[in-house]
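K.L.:
Letter by letter, the chains look like this.
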Amino acid sequence: MKRPFYWPTFWDALALLLWGLMLLRYWWSGRLAVLLHPDYHWLAIGAGWILVFMAVWRGVALFQLPKKLAAEHIALLPRRWSLTVLLAIAVFGLIYVPRPFASEAALARGIAEPVRVTRSQPQRFARNTPPAERSLIDWIRTLNVYPEPDAYADEPVNVVGFVIHPPEWDDNYLMVARFVLTCCAADAYPVGLPVELSGDRREFAPDSWIAVQGIMQTETLDGQRRLVIQPDEVVAVDEPENPYEF
Amino acid sequence: MAQLNQGLTLFLSLLVEATPFLLLGVAFSSILAVFIDERQLIAHTPRNPVLAAIAGSLFGCLFPVCECGNVPVARRLITQGAPSALAIGFLLAAPTVNPIVFWATWVAFRDQPAMVFWRVGLTILISVIIACVFSVQKDLRPFLQSAIARYLPSPAPEPAPALSGGGNSLLSKGTFLLQSTGTVKLDQPLMATVGAAALPTLSWQTKLQAVLEMMLQEFRELGAVLVMGSAIAATVQVAIPREWILALGQGPITSILAMMLLAWVVSICSTVDSFFALSFSSVFTSGSILAFLVFGPMIDLKNISLLLTTFKARAVVYLFVLAAQLTFVFTLAVNLYTSW
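Protein sequence lines, in the order shown, are assigned to chains A and B.
For the first sequence, my numbering gives the first residue as 1, with consecutive numbering after it.
For the second sequence, my numbering gives the first residue as 1001, with consecutive numbering after it.
What the hints contain is simulated information worked out from the structure, not anything from laboratory work.
Glycine included, each C-beta is placed from N, C-alpha and C at the ideal position.
Fair warning: there could be bad hints in the mix.
[To be verified] Below, a sample of chain B positions facing chain A; criterion: calculated Cβ distance under 8 Å:
#, residue
1, GLN1006
2, LEU1023
3, ALA1224
If we strip away everything but chain A, and leave its shape as in the complex, we get (with noise of 0.2 Å):
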């Protein structure tokens, strides 16, 4: 006697493996790191194999003998609806290459301030570490404990961040800037800082990714005291694997 075909297992089974693979796919293809934090990646990476591992005990059913697939199981939501949303996100996030936030979210979520919103524990980035050695996180927290601009002149900088176009700064000034990650890309926030060029700023697209060397001067810029990078050279790099900074 043919066995009949059981959809609704089938249905479930391919949810259950497209929702794994959806995720071990940001693994493989490097992506997770646009959506969270590496310290969490293990905790995706781990529900994507649970995932597939359920999608396959699923799927064994499908061949073992009918002995309890039966008709109808109640539910808050209707077991097709569930299962089409499931089926279509895990579809579009198989599709979709999700891309790091960029100088428009920079802009939206306000970076023009010289002092944000930072984390605390600011003894931890103490100003030991050498001047050209700091990313663009360690200058942030190294202003946020003492914000006097005067005190960091002439110190060498040395970062690596994509551009921003501030819309009220003269064609030569541009911000370096990068997305600080806590956990994962729904708290990331912006950090930049100020760089004065010798020529238009426009040889530089927003979002294009730059490494800038110089060294660090006080300028009144927005009618606020800034540091403000003179740079020495500003050359064109390829986005970072790891786009934000911890």
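Got chain A; can you put chain B on it based on the hints?
P.N.:
Chain B only, in chain A's frame:
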């Protein structure tokens, strides 16, 4: 276009971050359903509303689930005939009062260990108060979605363990596991049947099968809800400029309101929300950070949709209003009367 990308990245990030915890939650709740006889647990909890509420708030230490996972457990406690104080206490406190969250908060606020104790203490206090309020309502059924309420026993002087006394099992709807040893009902409350009625006779393999079956059912349902919640949270985050929320952050009152609003909107999992709160701790008052950590796990945008799978809108509104007011009053007191 850039905004759309930002919204989608946020959406996926929330999903990818919450999925492991959702899985952990449904796994715990399924394992408990099959391997632990909650009737025993419920039978040993005090009937006095205050004591039951305290017991419920501390249950989180046994069931380390975040707010994505506590609804299924609370739902099962209710269908097993737990007193309302116990279930509500658990529902509100479990996402915060459990070892995983305690540890995460401790790591995040290493330099402010008081935050951990304030968070846990205040959560227990508020949960117990709300649970006592709800315990006045002896019969929870008017507050529950009808699909859940129909599994509750009629209001009896002694809340009887659900499903033990039968009714006509032939007439009940649901998914059934037909075996040579008898018929086992396979949906949620029916898992209670597995746990309650057939527990001694089931083999390990059958139990494992039942755990996976239940995990699948809960994941299917709550996963779809999580998708909707994350979509709403991502949309609101992109649509409302964050500066508006942050601009409120300095005063003792506005900072608390702002952080509560933020906690509600961002809907971040209680296991990781302390890291998120940490990013605000340098500009926001301590009381407002505390409000974020206490209020967020109790009720947020994502979790409202989960709560609505169990409770009627009216009950969710009561929970929301009570939790919001109590959190506000207590954290305002922290801001005004402590130097911490």
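K.L.:
Now tell me, hint by hint, if it's right for this structure.
P.N.:
So, going through the hints one by one against the coordinates:
{"no.": "1", "hint": "GLN1006", "verdict": "holds (5 Å)"}
{"no.": "2", "hint": "LEU1023", "verdict": "holds (5 Å)"}
{"no.": "3", "hint": "ALA1224", "verdict": "holds (4 Å)"}
Hint check: no violations occur; every hint is consistent with the structure.
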